[in-house]
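A.B. asks: Here is what each chain is made of, one letter per residue.
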Amino acid sequence: MTNGVTATLARPFEHIPDAWRQPLGLTLLIAAAVLFPLVHTNDADIDSMANAAAYAVLALGLNIVVGFAGLLDLGYAAFFAIGAYTYGILSSFQLQPEWSSFWEPFRILGLVHKMAADTGDGSVVRFTLSFWLALPLCAGFAAFWGVMFGAPTLRLRGDYLAIVTLGFGEIVPIVVRNWSDLTNGAAGLNGVSAPKLFGWSFGVNSTPYYYVAIALVALLIFISIRLRDSRIGRAWMAIREDEIAAGAMGVNRTKFKLLAFAIGAAFGGMTGVFYVAKLQTATPEMFGFPVSVMILVMIVFGGIGSVWGVVLGAFILQLLQSWWLEDLTGWLNVLGRAVHSDWLAHIDLVPSIELIFGFILVGMMLFRRQGLIPATRPQTALSFDQQHAEIRRGGFNDLKLQGLGGDVRTGALALEIKGVTVKFGGLTALNNVDLVVPNGGVVAVIGPNGSGKSTLFNLVTGLLDVGDGSIRFHGEEILGLPPHEILTKGIARTFQNLRLFPNLTVMENALIGQHARLTTGVLQAILRPPSTRAEEAAARVWAMEVFAIFGNRLTPRVGQMVAGLSYANRRRIEIARALASRPRILLLDEPTAGMNPAETLELAEQIKSLNMLGLTVLLIEHKLDVVTTLADTVYVLDHGEVIAQGTPAEVRRDEEVLRAYLGRNAQAAAGMAPAGMASVPLPTLGQ
Amino acid sequence: MTLFDLLLQQTINGLSLGAMYALLALGFTLVYGILELINFSHFNVFMVGSFIAMGVLQLFGLTGQDVILTGLPLVGVLLVTFAVTMVSSGAIGVAIERLSLRPLRNVKGPAAMITTIGVSYILFNIILLVCGAEAKNYPNPMPTVRYHIAGAVLDLRVVLIWIVALVLMGGLYLFVQKSRIGKAMRATAQDAEAARMMGVDVDRVVMMAFFLGSALAGAGGLIFGLYYNFTSFIIGFTAGLRAFTAAVLGGIGNVPGAMVGGVIIGMIEAMGGQFIATAWTDVIIFSILVLVLVFKPAGLFGRMAPTKS
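If you're matching them up, the sequences are chains D and H in order. Counting along the first sequence from 1, when you hit position 37 you're at 32 in this note's numbering, and nothing is skipped either side. For this note's numbering, count along the second sequence from 1 and bump the result up by 479.
Hints in this document: simulated from the structure, not taken from any laboratory. Accuracy of the hints is not assured; some may be wrong.
Unchecked claim - Selected chain D positions facing chain H (in silico; Cβ < 10 Å):
1) Gly65
2) Phe163
3) Met281
4) Pro285
5) Val295
Glycine included, C-beta positions come from ideal geometry on N, C-alpha and C.
Required output: the full structure, derived from the provided sequences and hints.
C.D. replies: Have a look at this one:
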């Protein structure tokens, strides 16, 4: 339906070349925004637009926290309040400490004035913080509080985070209401200075405020888009999609969650400054739970995670509130009088705005979760040719993959696990396990389900932090390090049950794999200097090189969402994502699970080729043909203990291994069988 | 009043508040235990419950606190009011689940939680638009009988509130422990998939959790009116957050934990109001919520179900 309408509307524009459309649309939008107050000179309407723009900025800020990083914040208005009150207090008569020489430097900087006290004797300080200075200052101060609120909640699951932020959102207005000395309590701050530009005060005229608000929206749209399409934005989305995988792929979750909180809070603080300067007053009621919900409704309505969507959502809902609902009420009343319906003649829709918000929230969640403008673009289907997979046997020998396996090698051992024990309550998952992986080798770990193989991987990659013993990587102790540091040292892994970032593209998954190898920070992401562009381009080239390992299976699909791909391809993407991080050792947890025999063989040979290029591999695998093809050494785990180790052939003959896999009687039966060990169906067991 | 009298008096007040929060906390815990969903609509099911009960009491011809009943008529009116309120509130809970949450059962992420915020907002604003913003004088047929214990006053209605709350909570506990569907609820909380494969009708279990939780919230709403002699459209938010804190404190998903948590929160509110300042009560309670979540996320008594990852 809606697509049909869009298509009809778009028809007159079809002859505009694709490359022109975006700049053209943007120019028209900017022109409309700039010309609006000149064409439409109703001050009240300009004021409504300025308010709508302020809410658009709030929505953009909340969108970074909720949409990008996936952290549901129900107390966002708290940062709005912090920015508002900070500027309000520092630019009004609220605080009047006695004048002393301490204030002299601030007077020279223009932050305070000396003023005669009301009582007649002595002088007091009058705070006169400039609006333009307050914007960045209060943004920074709000960001500080964003970190303070965020820090204790980081370890919480998403839904708890919602309730804690809701609590903070309640506490801030309560503190404001009760701390009257600082904030003038429920009566509110009065006499906040209007902004001045080159000595000209904005006063109560709406037009200058409108332009400031529009400029803020434009700036923050720009910042949001730049951040979204950078290493920073990808790290946030990785956390949103799968927190554990994000950590394992090198994203410092604490840092990036706090960063999202801080940047979101900064946007809120800035808007607070603007809002208070415009109203020249602030009361605790302006920042309560309904405000936080309204901002949430805006981003849900516009499209969670969609920059243009949340701006549109904010404008529509604000204008609905200030323009359309009154108009609609008027029309209904006229209609009511015309049809002699007393109810219609006196209906007033304006108070029901929150009811409408409630219905929008529920309606959008039930019927259009992606919002008005979805954050993800529709996928182009692959051509038949592209879908045709060429099966690549014999691994690959045409790829260089410079930098895989690491250049620096110290000692003969890549990984040295000594006396490692892990206990969960009464259960011993690993008991005094010793295991070494020589440089450039392929070591396989086999064992029945529940024998502790995946626990071992989790311990090595830092997902568990409960183990005793020692794990050395190239001589360096890594036990107890957080996952992202372990990845940075050169240990990358895949997961038994696949932990990809399903709503991101194949390319984005591989770029997140390189997170720890890239250096773009917030400022570079926003300003995008040549060095950042070069780094980004190189990262894409490297990702394509890695995809080429799998022939044409991934290369045509780099722009596709991972969620829509086949199981085997998702397994390959996970390996590619791990390889993208340029590991020195690759940990594969059942890489061929769910693949058919041909695909299994293909992948085993590709892993072999990677090993030939210098990559060390530690592998959990049930299929013994894979183990025999690849591994130099096999460790057998049972009930958390190493019960055997040796070459694949040696392990196959080990009695302990047979007992662990098949039980005592089966071992006897196998012993009696004339074909001997070769007939023991070890490879197919366990899955 | 001596310090001891003050403590005694605030203990009595705290237990009454605690009984109410416990009833409300049980609804959070039941739904969270099974769906891992923070049900924000529960806040205002409680509020709507207190309005429904007010309507029922008015149907009996009661307005304000002038008409006092005793003996059988009092018991009869209260029984009918509790029953009607609980069944209607339960029905609202079931309707919320059926209409707005079941379609989102398998949707990942915060969609279901955002929906419950929307539903909560809808309930809130319907009552605001229909019944108006002013606080309502609550019909209360209970006689004023005061017992003096040391320097503290114990009101008969407070004792009645305790009895009702204890009976309801005891009933719920037995129901969850002993009944067939109660066992199914506990099984679903442990592992919904396994429960389904063992023949548990998960939809029915979820519906039951919403019915029971909402019915108890309705009873809590009635108790709120009888205790404070007023109700208003705004009571859901604060009471709901405190009750949620109680559920977390007791270990969310844990039925006896919610009861104990409710009493603790009630006591904190009463003592904090007495010895610190009423204006800071919510700050104290939220600080406790944050501290518990950060340092002991499983609550004082642990979860009923292990966290699914």
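A.B. asks: All hints, please: hold or fail.
C.D. replies: Now for the hints, and whether the structure bears them out:
1. At about 7 Å, the closest approach between the beta carbon of Gly65 of chain D and any beta carbon in chain H falls short of 10 Å, and the interface hint on this residue holds.
2. Among the interface hints, the one on Phe163 of chain D holds; its C-beta lies about 7 Å from the nearest C-beta in chain H, closer than the 10 Å criterion.
3. Here the hint on Met281 of chain D is broken, as its CB sits about 17 Å from the closest CB of chain H, past 10 Å.
4. Checking Pro285 of chain D against chain H by beta carbon gives a least distance of about 9 Å; that is within 10 Å, so the hint holds.
5. Given hint, Val295 of chain D at the interface with chain H, holds; its Cβ is 6 Å from that chain's nearest Cβ, closer than 10 Å.
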